[in-house]
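Peer 1: Sequence:
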Amino acid sequence: MINRADNPYRTPADTTPARRVHVPIFVTNTAWTWATVIALGIGCLGVLASMWMNLERIEMGGVENADPSTDAAMELFQHRDGLLTDVMIAHCLLTAVLWSVWTFRSYRNLIALGERNPRASAHSAWIWYWVPIAGLWMPYRFMREMWQKSVAQTSSAAPVPIGAVPRMVPVWWASWVITSVFDYVFAIVPLMIPAANSMVIEGQLGLITDAFIVAASVLAGWVVLALHRRQRTAYAQQMTAQQTKPQQASTASSLAPDEPEPTLG
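Take the sequence shown: its position 75, counted from the start at 1, is 75 in the working numbering, and no numbers get skipped.
Just so you know, the hints here were simulated from the structure itself, not pulled from any lab data. A few of these clues could be false.
[Stated by the list, open to error] Have a look at the derived ranges for each label pair, beta carbon to beta carbon:
| hint | residue 1 | residue 2 | range |
| --- | --- | --- | --- |
| 1 | A120 | P166 | 34 to 40 angstroms |
| 2 | E59 | T233 | 47 to 53 angstroms |
| 3 | L55 | S180 | 42 to 48 angstroms |
| 4 | M192 | A72 | 49 to 55 angstroms |
| 5 | A90 | Q242 | 19 to 25 angstroms |
| 6 | M192 | T233 | 18 to 24 angstroms |
| 7 | D71 | V97 | 38 to 44 angstroms |
| 8 | A134 | L94 | 47 to 53 angstroms |
| 9 | W52 | I25 | 44 to 50 angstroms |
For every residue, glycine included, the Cβ atom is placed at its ideal position computed from N, Cα and C.
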């Protein structure tokens, strides 16, 4: 008869091993950070060109109503406008890829810094940008978490301290949301107005949208660089703390009083 307590095939509930958390290696992320910032800067130059085109669109709209003999100029304008649009679309896709990779690598660094309870996987941090409706607030929650938890974990027993989020982070996200709203308005409003005034109104809405895009891009560049510096500082502090612990332990053991030798009674 086999004793239940000695049964090798029984797995007690209290001996189930805990789920292992894969701890990735901290990545400096410097190349992806600067690639993202440079892409944002180039995008600002493209938006400035778009603002110039919108000013020209407003002027061409007024001339179109008064002088119908500007077909050649209008055709040239539409050609340049279409070329700029194609270039901006390609650049936006490239910037989106760079931003997604940077977000993934930055969020994964939280676990390398000692965070054991992240909100979700590192892939979710960038996937939410592509989800309609929810993309208006979920990415900000991940960005806020990255900023708060990008601190050094100096003790496995102590909780990770939560850092404060600068005001520039919510301001950046607000500018991004406003830009998305204006993009939607820019797409549907010209369809609801008379064709005679469409170019003028498109140009005016385009100028407002471009202004918010420039502001959002500049703030996004600041967020990327600031978070990059914050994570590198946290990693340096963590490495310093880990190197200091063995030295403190050896010093404490050398200063401990020797135990008295046992005596025969």
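Peer 1: Now tell me if each hint is right for this structure.
Peer 2: Now for the hints, and whether the structure bears them out:
1. A120 with P166: 34 to 40 angstroms: Roughly 23 angstroms apart at Cβ, these two residues miss the hinted range, so it is violated.
2. E59 with T233: 47 to 53 angstroms: holds (50 angstroms)
3. L55 with S180: 42 to 48 angstroms: violated (23 angstroms)
4. M192 with A72: 49 to 55 angstroms: Violated, since M192 and A72 (Cβ atoms, about 30 angstroms apart) do not stay within the stated range.
5. A90 with Q242: 19 to 25 angstroms: The hint (19 to 25 angstroms, Cβ to Cβ) is violated, given that A90 and Q242 are roughly 45 angstroms apart.
6. M192 with T233: 18 to 24 angstroms: Cβ of M192 to Cβ of T233: about 51 angstroms, so the range 18 to 24 angstroms is violated.
7. D71 with V97: 38 to 44 angstroms: holds (40 angstroms)
8. A134 with L94: 47 to 53 angstroms: violated (24 angstroms)
9. W52 with I25: 44 to 50 angstroms: Since W52 and I25 have Cβ atoms about 46 angstroms apart, the given range 44 to 50 angstroms holds.
Violated hints, listed in ascending order, are 1, 3, 4, 5, 6 and 8; each of the other numbered hints is respected by the structure.
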